[in-house]
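> Each chain, written out:
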Amino acid sequence: MAERTQILRIKRQQNPNSEPHWEEFEIPYLPHHNVISMLMEIRRKPVTRQGKRVAPVVFDANCLEEVCGSCTMVIDGRVRQGCSQLADHLDPTVTIEPMSKFPVIRDLWVDRSKMFEALKKAHAWIPIDGTYDLGPGPRIAPDVQQLAYLFSRCMTCGCCLEACPQVNSHSKFMGAAVIGQVYLMSQHPTGKMNHDERLQAMMAEGGIEDCGNAQNCVEVCPKGIPLTTAIGAVGRQTSIKWLRDLFMK
Amino acid sequence: MAEPGAIAAPIAAAGMTADERHWLLRRLHSLSGIIPIGGFLFFHIFENAFVLRGGTVWWKETEFTRTIPFQIAVEAAVLWIPILYHAIYGLIITATAQPNNYPYARNFQYTMQRITGVIAFLFIGFHVLSTRAFFYATGTETNYLRMHSFMIDPVYLTIYLIGTLACVYHLTNGIFTFSITWGIAVGPNAQRLVNRACTALFLILAIASVAILVAFRAPA
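Chains as they are written, first to last, in our numbering: chain A, 1404 to 1652; chain B, 90 to 309.
It is worth saying that the hints were derived from the structure and are not from the lab.
Keep in mind it's a predicted model, so treat the numbers as computed, not measured.
Be aware that one or more of the hints could be misleading.
Which residues of chain B face chain A? A few of them, derived with a C-beta cut under 8 Å, are [unchecked claim]:
{"id": "1", "residue": "E109"}
{"id": "2", "residue": "T156"}
{"id": "3", "residue": "Y191"}
{"id": "4", "residue": "R195"}
{"id": "5", "residue": "G228"}
{"id": "6", "residue": "T231"}
{"id": "7", "residue": "L234"}
{"id": "8", "residue": "S238"}
{"id": "9", "residue": "F239"}
{"id": "10", "residue": "D242"}
{"id": "11", "residue": "P243"}
{"id": "12", "residue": "T247"}
{"id": "13", "residue": "L250"}
{"id": "14", "residue": "G276"}
{"id": "15", "residue": "R281"}
{"id": "16", "residue": "A304"}
Derived, one-sided and incomplete: chain B residues facing chain A with beta-carbon distance under 7 Å [claimed, not checked]:
{"id": "17", "residue": "R115"}
{"id": "18", "residue": "F129"}
{"id": "19", "residue": "A162"}
{"id": "20", "residue": "A186"}
{"id": "21", "residue": "Y199"}
{"id": "22", "residue": "T266"}
{"id": "23", "residue": "T270"}
Cβ coordinates follow ideal geometry from the N, Cα and C atoms, glycine included.
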């Protein structure tokens, strides 16, 4: 009986400006393999099915337990982390591509810095330092803590952007992740102090109004973050802010 | 380190900024789809449902729509301007889309909303030009005989069936997305409920629209 193997079709790209091309690799099947360990197998012996020796496939990976988000890639047309995609759940031939909504650096390695830029634009952090000790912050009710915990699990992996039809080269939409973080900050008593500023960023082009309610974000989020709840809630917050400003200013 | 913007921003927040203008244009698009355009579509289906009681009843019951004071001003304010705004800005929004094939029901609805929006735009243009604008240009009322001659023509009937169903889908799915956009239905359970209610509404309005179009096929 022939040895069981796994075929990987990989979309490769030499550098940010070069054209992508496809290469196929065949590796021996091992139980409990995941996509990252299969890519490591290729790294050990970077020879294509045609027997051509090539440069090893470049990929980004770090934690290998689906908490860092760095190995996010498109596997058989669906975005997810390579480390948590088990080979046993895949067909004998698997197609692996880099995410399409981010600039490719090389092969499967993409530049996700636009997500960080979005967090900066939305002021998605809580300033706690001043010129003097501000003392301890207010206490947070347990139910608010529970809600905040859901959103604090975001690892900026980019799945929600990749699956979103409104995130693309001809739209400025920043995606769902940053809206989730704006909602998270609005749940924090100290974070609330900068809430107006964050809502203003959300009301700008690229913010919440560019959402098209396709709701793929919440379906593909590997951490199960209720992103569409955040979109609804931040939408409501901007409605209230606008009405309040209209009558109060 | 405290960010300088963190201190300056609340002071700078007074007055409407370019950011809020973007928000307002999008929200006007969302609102105009429901009020007045959606409201008018409900009324339009309701008034024309009288045709189910015959052409004479239909003509008599819709008499008041032909005797509205300041008719052109009312039509412009309630219909032409909101529809033109909703359509043109809607096409601009549609141009920012890149639909994909992720296999989720909501994703399908997203794509359908854009397709039906474009169909509705073309259909309403055709419908208004051949009825209301035709009346202003030639003085010919779109009475029962005229509608009847349209509906017995299979080409017209097909255009009307596709066009009205696209309008009804676009409205009912639009009511659902309106409820998300404005923050009325926030959580997944609330959104599921509204989505189901809007699907039911789609079925009701679709059946009513088809019945009305078919009823015009009856001889006068």
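> Each hint should be assessed against the structure and marked as holding or not.
Hints and how they fare:
| no. | hint | result |
| --- | --- | --- |
| 1 | E109 | 5 Å, holds |
| 2 | T156 | 37 Å, violated |
| 3 | Y191 | 5 Å, holds |
| 4 | R195 | 4 Å, holds |
| 5 | G228 | 43 Å, violated |
| 6 | T231 | 36 Å, violated |
| 7 | L234 | 43 Å, violated |
| 8 | S238 | 40 Å, violated |
| 9 | F239 | 35 Å, violated |
| 10 | D242 | 37 Å, violated |
| 11 | P243 | 35 Å, violated |
| 12 | T247 | 29 Å, violated |
| 13 | L250 | 27 Å, violated |
| 14 | G276 | 5 Å, holds |
| 15 | R281 | 11 Å, violated |
| 16 | A304 | 35 Å, violated |
| 17 | R115 | 4 Å, holds |
| 18 | F129 | 23 Å, violated |
| 19 | A162 | 27 Å, violated |
| 20 | A186 | 5 Å, holds |
| 21 | Y199 | 4 Å, holds |
| 22 | T266 | 5 Å, holds |
| 23 | T270 | 6 Å, holds |
Hints 2, 5, 6, 7, 8, 9, 10, 11, 12, 13, 15, 16, 18, 19, counting from the list given before, are not met by this structure.
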